[in-house]
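Novice: One-letter residues, chain by chain:
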Amino acid sequence: MIIEAKLAELGIDLPEAPAPVAAYQPWIRAGNLIFTSGQLPFRNGEISYAGKLGAELSNEDGYQAARQAALNAIAHIKSATGDLDKVKTIIRIEGYVHCAEGFRDHPQVLNGASDLIAEIFGDRGIHTRLALGINEMPLNAAVQLAMIVEVAD
Amino acid sequence: MIIEAKLAELGIDLPEAPAPVAAYQPWIRAGNLIFTSGQLPFRNGEISYAGKLGAELSNEDGYQAARQAALNAIAHIKSATGDLDKVKTIIRIEGYVHCAEGFRDHPQVLNGASDLIAEIFGDRGIHTRLALGINEMPLNAAVQLAMIVEVAD
Amino acid sequence: MIIEAKLAELGIDLPEAPAPVAAYQPWIRAGNLIFTSGQLPFRNGEISYAGKLGAELSNEDGYQAARQAALNAIAHIKSATGDLDKVKTIIRIEGYVHCAEGFRDHPQVLNGASDLIAEIFGDRGIHTRLALGINEMPLNAAVQLAMIVEVAD
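Chains as they are written, first to last, in my numbering: chain A, 1 to 153; chain B, 1 to 153; chain C, 1 to 153.
Derived from the structure by calculation, the hints contain no laboratory data. Because the structure is a prediction, the values reported are computed rather than measured. Using N, Cα and C, we set each Cβ at its ideal position, and we do this for glycine too. Check the hints yourself; a few may be wrong.
In silico DSSO-like pairs for lysine-lysine, Cα to Cα no more than 27 Å straight-line [stated by the list, open to error]:
| # | chain 1 | residue 1 | chain 2 | residue 2 |
| --- | --- | --- | --- | --- |
| 1 | A | 88 | C | 88 |
| 2 | B | 88 | C | 88 |
| 3 | B | 86 | C | 88 |
Residues from chain C that face chain A, not an exhaustive set, calculated with beta carbons under 7 Å [as the list claims (entries may be wrong)]:
| # | residue |
| --- | --- |
| 4 | 18 |
| 5 | 21 |
| 6 | 30 |
Quick list of simulated restraints, FRET-style, between CB atoms [said to hold, decoys possible]:
| # | chain 1 | residue 1 | chain 2 | residue 2 | range |
| --- | --- | --- | --- | --- | --- |
| 7 | A | 101 | C | 123 | 38 to 48 Å |
| 8 | B | 16 | C | 58 | 28 to 38 Å |
| 9 | B | 152 | A | 119 | 17 to 27 Å |
| 10 | A | 102 | C | 15 | 22 to 32 Å |
| 11 | B | 5 | C | 100 | 47 to 57 Å |
Please model the complete structure; the sequences and the hints are all you need to start from.
Specialist: Next comes the structure, spelled out in structure tokens:
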């Protein structure tokens, strides 16, 4: 239980894996790959950061939103694996930032997810990333984040 | 021919798989995964729903556009497999909604694809989903939709 | 060294693989798949085409930006494989075009990547594609491009 011990050491309680907002699944496993659905920064059933970066929200808000969405993704990956030690590689983080005209700091915002992944998974958390700006987001959420993960057999 | 029988029962005629709009392929198989290109709501060679959600188009228009794009994706998956019964899992639907300022109903629009997949594929149609707003879309299409599918050996 | 010979014949020098702009990796291999991070049109450490299509930038600028981003992706795939002849299939190109209101020519812009891939990889370069408009892009880059590639064992 290496990763669980790490979570305890970091003082991180994984949230309840949030339910999808429509007719789809939070994760699917195909072979050794797990795909999560796009995660919003839900916390206790509510969007914790609503609005646009470069308008109502600060970069620090965005960073925390990305961290929250990543926590939700990790909660789903725990559901999918039963044991986070089975995670071999975080292959890919797809990060979409809800932003206003002229916003450029997508990388800093998405580091909220990347830093969390590095803290929890260490070498197994090295990942590729997409960082994109989105004009309008479901539920007015600050970010949306999806992960593709490789698990051991 | 379970899925073909289901299509007949639902009264669904799969369209001719539409040609790409530039220099790329409609689908690629790699191992047990099939990736489709981004599908637009083509019907009989024309974009059936053009414009933006939250502006010229209603949510019902968007729902129908997502359904049409999903039909086109399924037509390509039939080309790729020869037989839709070989589909093991619809892993992922990536849904991009062409939308105006303030639009929030991406999930309802993309249910046009998710509901169709559920009707046709039943348990094998459970999927993960991304739902994103896009400021400008090729050919002014209402939606773009890509699928990743797992097939049996 | 078929692909290296092809690069020489085409007069293409692959660039130094550019470093990521934040805390993530340029590529990850999982099984026979290689995923690249989103590539920007970096050239000699600078964004070669900054701004929006349909505003400051012409379609030809966008075409060249997509070509440059694709070159950077191929440089990373060379790092990942050691030898580009190990590339079996370019499975997918995800193309995001930084664009202004009313822009419609995403396919023409992304042909800058697709044409390059076809020149270099021939039959192995046939790929699926997503073509999406993005309101705001990291570093004001004209395009962002990610690839998923299948390699031989």
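Novice: All the hints need checking, so say for each whether the structure fits it.
Specialist: Status of the hints after comparison with the structure:
Proximity of residue 88 of chain A to residue 88 of chain C is assessed by CA-CA distance (about 24 Å); at most 27 Å being required, the pair is judged to hold. About 24 Å separates the Cα atoms of residue 88 of chain B and residue 88 of chain C, which keeps this hinted pair within 27 Å; it holds. Pair hint residue 86 of chain B plus residue 88 of chain C holds up; C-alpha atoms about 23 Å apart against a cutoff of 27 Å. For residue 18 of chain C, the interface hint is violated, since its Cβ never comes within 7 Å of a Cβ in chain A; the closest pair sits about 14 Å apart.
Here the hint on residue 21 of chain C is kept, as its CB sits about 5 Å from the closest CB of chain A, short of 7 Å. With a least beta-carbon distance of about 4 Å to chain A, the hint placing residue 30 of chain C at the interface is held under the 7 Å criterion. For residue 101 of chain A and residue 123 of chain C, the Cβ-Cβ distance of about 43 Å falls inside the hinted range of 38 to 48 Å, so the restraint holds. Taken as a hint, the range 28 to 38 Å holds for the pair residue 16 of chain B and residue 58 of chain C, whose Cβ atoms sit roughly 35 Å apart.
Restraint check, residue 152 of chain B to residue 119 of chain A: a C-beta distance of roughly 39 Å breaks the suggested window 17 to 27 Å. At roughly 29 Å, the beta carbons of residue 102 of chain A and residue 15 of chain C sit within the given window of 22 to 32 Å. Separation of residue 5 of chain B from residue 100 of chain C is about 48 Å and conforms to the stated range, judged on CB atoms against 47 to 57 Å.
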